[in-house]
Amino acid sequence: MTPPTTETPSDTATTAPPAPPSNQLIRFGAAEDPFEAMFDRGWSDGLPLVPPTAERVAQMLSGTTRAPDEVVAVVPPDLVECTVETVAVNAVMAGCRPEYLPVVLTAVEAACTDEFNMHGVLATTMSVGPIIIVNGPIRHRIGMNSGGNVLGQGNRANLTIGRTLQLVVRNVGGGRPGEIDQSTLGNPGKLSFCFAEDEEGSPWESLAQERGFPAEASTVTIFAGEGPRVMVDQLSRQPERLAKSLALCLLTTGHPKMALAFDSILVVSPEHSARFRDAGWSKQRLQEELRKNMMIDVGRLPAAAKGITTEESESIQVKQLPKFRDGGLLIVHAGGRAGLFSSAICGWASGPAGSQPVTHEIEHV
Amino acid sequence: MAIMEVLDPTGKTADSQFGSMRQPLPRPKSLEGKTVGLLDISKPRGDVFLNEIENSLRDRGANIVRFTKPTFTKPAPVDLRQEIASSCDAVIEALAD
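As given, the protein sequences belong to chains A and B, one line each in that order.
Each residue of the first sequence is one higher than the one before, starting from 3 at the first, in the working numbering.
Each residue of the second sequence is one higher than the one before, starting from 401 at the first, in the working numbering.
Honestly, I wouldn't trust all of these hints.
In the DSSO-like style, the derived pairs of lysine-lysine whose C-alpha atoms are separated by at most 30 Å in a straight line are [unchecked claim]:
# : chain 1 : residue 1 : chain 2 : residue 2
1 : A       : Lys-259   : B       : Lys-474
2 : B       : Lys-434   : B       : Lys-474
3 : A       : Lys-321   : B       : Lys-443
4 : B       : Lys-434   : A       : Lys-259
Bear in mind the hints are in silico, worked out from the structure with no lab data behind them.
Nothing here was measured: the structure is a model prediction, and the numbers come from that model.
In isolation and in its complexed conformation, chain B is listed as follows:
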């Protein structure tokens, strides 16, 4: 088989291929006194599900802040993501139907 050179179809440069990958933060060891954001993605009955999660987490000593995405069909707006990142130690994003 002949050696062949082809162009990369991903459009990524050598630098961007691995350099931009971010590592997730370490998981909190305990929720005691931590602030947990609950993100409702605006699917039907997401509130029902998150109410149960909220009760369960409050029993473990967590402070709860609730957030809602404008629509489940699109990624959360940048402002909302930054607000969650700056005010919470952890976030739970809920699907429901």
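Extracted from the complex, chain A is given alone in its bound form:
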């Protein structure tokens, strides 16, 4: 039985205090430097972290309407359930502002899908890590960079969103270099690799629209990729010549003789996209021209390509194979206003047997 209340209506209208945090409170010693203590506990990716005090985490949680105890994902490799609050703790450590949190939560969800296969992306000896591409209105609302130095340093949202995802994999999933992360060389983007598409300056539909989302939706696309590599072409004025030139560079991703092995991202900058805009080329037209110029001569299938045994490969005669599977080249528009460069980002084992790009809509924004 509930006792009769003596509260007045104004008393009941007051907001309840926020629930206490569920994550354990860890108290550093009086002689400990908190910054050193966080390194000592193995929480850091190698750079200093912001101490995730209860106050900072509560402030971070103000960036989402989702309940702190809601499970966002089961994080590989240890398959640990990760709550909104735990993501927020790592977002504080990475340096995020609260308004970035919805993007981070969606990125964690997308990375922990079977399609993306974060376990394999982490465990592989190859150099790849998760790359986050953001589309839609949220890019501007949280001040992301899609322009000059888009793949570089200097923008808090880009850098800290990407960093948080990797901290979640490290601290929640238990994925650390030298343990489950067996990468031979790694790449600097494994600290953080996140950027926004320049939709306003693009002659084409955005990556998210191409993947079935409306222009007003804010989305995260996650791709398993290595470091970006610049493609220099300051001479081509005709779209056919520029397409041929970009194809020549894209052929070298992974290895010039490897066909149908890895997906890639092509980041087209404004001065290069202008050549295609002037000629009225659609994105599909560019895809077709690139494909035409990226057929690889093969006398016979290389040993063990796509599950084919050495014996079978001796007997199967083919003449040409495309560099990328259908849909295996993602075109994104980004970069500064000046500079006749584009960029190639090579992926990892493609398709259902490896990692597939995953796009999720950012909800609760």
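Let chain A serve as the given structure and place chain B on it in line with the hints.
Just chain B, lined up with the frame of chain A:
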């Protein structure tokens, strides 16, 4: 330096931190009459490597059962792991390229 309290970023509770760690089973003292599973992870030429292992283990009196993962890029499916656990005394997982 001021004392500071922070929230644990690992998401583990006090109970889960150590309680869920499982100890490996003791190694078999001999392979005589034991069933050994050989798990091919679907890397190229894994079969070549495991054929050699199979011959060597048969010489030591082991029974061999062969298994294959659908793809080397992902952990073995739960059903496969349970099948191996219920039918084998030991398992060898092979990498190859």
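Now for the hints, and whether the structure bears them out:
{"no.": "1", "hint": "A/Lys-259 x B/Lys-474", "in the structure": "holds (26 Å)"}
{"no.": "2", "hint": "B/Lys-434 x B/Lys-474", "in the structure": "holds (28 Å)"}
{"no.": "3", "hint": "A/Lys-321 x B/Lys-443", "in the structure": "holds (25 Å)"}
{"no.": "4", "hint": "B/Lys-434 x A/Lys-259", "in the structure": "violated (46 Å)"}
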